[in-house]
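Knowing the structure of chain A, use the given hints to seat chain B on it.
So the protein lines, in turn, are chains A and B.
Sequential numbering of the first sequence, starting at -1, is according to our numbering.
Sequential numbering of the second sequence, starting at 1403, is according to our numbering.
Worth flagging that the hints you see were computed from the coordinates, not collected in a lab.
Please note: incorrect hints may appear among the correct ones.
What the hints assert, rightly or not - Only some residues are given here: those of chain A computed to face chain B with a beta carbon under 8 Å:
#  : residue
1  : R2
2  : Q5
3  : V9
4  : A22
5  : G27
6  : Q33
7  : I37
8  : G45
9  : R47
10 : D125
11 : P127
Claimed, not checked - To give an idea of the chain B side of the interface with chain A (calculated C-beta under 10 Å), a few residues:
#  : residue
12 : F1439
13 : A1444
14 : E1476
15 : R1486
16 : G1489
17 : Y1501
18 : G1504
19 : H1506
20 : N1508
21 : P1514
22 : S1519
23 : Y1546
24 : N1584
25 : P1589
26 : Q1590
27 : A1612
It should be emphasised that the depicted structure is a prediction, and the values quoted were computed from it without experimental measurement.
All C-beta atoms, glycine included, are put in the ideal place defined by N, C-alpha and C.
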Amino acid sequence: MRLRELQEAFVAALYDEPSSIAQAIDARGGPDAAQRLSIYRTNLQAGFRHALALGFPVVAALCGPDFFRTLAREYQQRHPSRCGDLHGIGAPFAAHLRERFADGPHAWFADVAALEWAREEVARAADAPGLDVEALRAVPAEELAGLRLALRPAVRLLASRWAVFDIWRAHQPGGDPGSVDPGGGPTWLLLHRAGRGVALESIGAADYRFLESLQAGGTFGEAFDAGLAADGGFDVAAALRRAVGRGLLADPQAASGNGAGRAIT
Amino acid sequence: MLEPTRCGIGLRAPHHQEVLERLPPVGWFEAHSENYFADGGAAVDTLQRVREHYPVALHGVGLALGSAAPLDREHLAKLVRLERHIGPWAVSEHVCWGYAGGRHTNDLLPMPRTQESLRHLAVRVGELQDALGRQVLLENVSSYLEFAADEFGEAEYLAALVAESGCGLLLDVNNVYVNARNHGFDPQDYFRRLPAGAVREIHLAGHEVARIDGHELRIDTHDRPVCDAVWALYASARARFGPVPALVEWDAALPPLDTLVAEAQRADAIA
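Extracted from the complex, chain A is given alone in its bound form (with noise of 0.2 Å):
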């Protein structure tokens, strides 16, 4: 067997799939091939959920291990690992158990999924620096709207239906987690970096709509737009006073080469 096609073989076994791996492997004087295969497999899976439930500690408490277990399994299987970094495979997880539980009555199970990523990717993104507020005191008033103010890379928004937020504060240390209620939403969050940490703010649908049109890459104009369409008494001065003082806009000379609207110098 040429190397390539014996780590095929022995990863297809891993797999439970059919494999010749078993006659390529020496169990002279002990425990036979498929034992020794069934300790990879067990590390497999093993590694691949204990990962998981390091990344998602909510959807694992909410499964308890027995179903959390099934579950991984079948993740797994869908989305094997790509990488050597195992820190990437929580991304599809999400729409996974959207699909895997669809209307049904863990239909919330994706949205606490997509909160706890949404959380490991703030902690993750790059150390960026945030806009100075002088620089945007000194864009005159009539080219304000034509401006695009990026968010910075350690920023998240995820709305939800479900009262996701009081779900996963629930699952902190002193929380309750019997008494939310997941039909008690919808949820509009935004998630960034505070210090070393990552903050969890529930924040108003204008707010929400605002900030994320400027992360989509629209300009000021247009944010506030977006943040007038959902509430229209929104305050976009206080708004983004609240960006600036969260620290959620990047400095412009690092979001360079967004597209036509008028940059900060």
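Okay, now just chain B, sitting in the frame of chain A:
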């Protein structure tokens, strides 16, 4: 940078805060490279701060150099970026494979010890050393099976890899002991077959004794103290390979930081 003189311990996320606050009396820290591949954030920042106080080595667990499938260029680029950022005293990987047919096992799977795999692995090690612009250390892994096609003993394979690629060795004494028991060889003979000058670092760890169908099999778990037989083997390794930097690994069932510090001090007492 200077090599550490006292035993080190692995840097693990649950200890990050405490390590920064206490700066425990250990010689150095080893970081699993992949745990610091993020673009930014607290983990990378922690490693950078630890580096300000201690020598640090980067120990890769996911590059899977021995895989026949193409090398993951993105993974390699992240490792190079981290190496430039941290300035480690050593960069190490494993004599293993882990990736095939589009799936990564994220495990350290044993190489079939053939001429074909040796040539392949030596080329890959060369690519890694070229990308980093430095020598890397390759670690022997524990294993629960061997292949019918094996053409080399384990120590001969490592010696040939050193000769072909110019890499150094990270000798995991626990893995030598585990494999000696699992596959029936003499660890002292294994040591004698390694080129003495090539061993640049030593790992120590705990393992489990399992029984499968009446057969004893040692499983490398990194979840408990180093056993007496491995401490004894460590003393022989020091006698043969000299005072190279040592490290106590503990990954699962992580104990309080002080337990790891005590294990490292026990290793220093053997020096």
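Interface hint status, Y1546 (chain B) versus chain A (Cβ within 10 Å): Holds, because the Cβ-Cβ distance from Y1546 (chain B) to chain A comes to roughly 5 Å (cut-off 10 Å).
Hinted contact E1476 (chain B) with chain A - closest CB pair below 10 Å: holds, 8 Å
Interface restraint verdict for I37 (chain A) against chain B (beta-carbon cut-off 8 Å): holds, 5 Å
Interface hint compliance - P1514 (chain B) to chain A, C-beta minimum distance less than 10 Å: Check passed: Cβ of P1514 (chain B) comes within 6 Å of chain A, closer than 10 Å.
Q1590 (chain B) as chain A interface residue, shortest Cβ-Cβ below 10 Å: Given a least distance of 21 Å, the restraint on Q1590 (chain B) is violated.
Hint status (Cβ of N1508 (chain B) to nearest Cβ of chain A, threshold 10 Å): At about 5 Å, which falls below the 10 Å cut-off, the nearest Cβ of chain A leaves the hint on N1508 (chain B) intact, so it holds.
Residue hint R47 (chain A), partner chain B, criterion CB-CB below 8 Å: Interface hint status for R47 (chain A): violated (12 Å vs cutoff 8 Å).
Status of the G27 (chain A) interface restraint (C-beta, 8 Å, chain B): This hint holds: G27 (chain A) lies near chain B, its Cβ roughly 7 Å from the closest one there, short of 8 Å.
Hinted contact G1489 (chain B) with chain A - closest CB pair below 10 Å: This interface hint is violated because 19 Å lies over the 10 Å limit.
Agreement of hint A1444 (chain B) with chain A interface, Cβ distance less than 10 Å: Constraint on A1444 (chain B) satisfied, holds at 4 Å.
Satisfaction of the N1584 (chain B) interface hint, Cβ to chain A closer than 10 Å: It holds, given that the least Cβ distance between N1584 (chain B) and chain A is near 7 Å, below 10 Å.
Interface hint status, S1519 (chain B) versus chain A (Cβ within 10 Å): holds, 5 Å
Comparing the model with each numbered hint stated earlier shows that hints 9, 11, 15, 16, 25, 26 do not hold.
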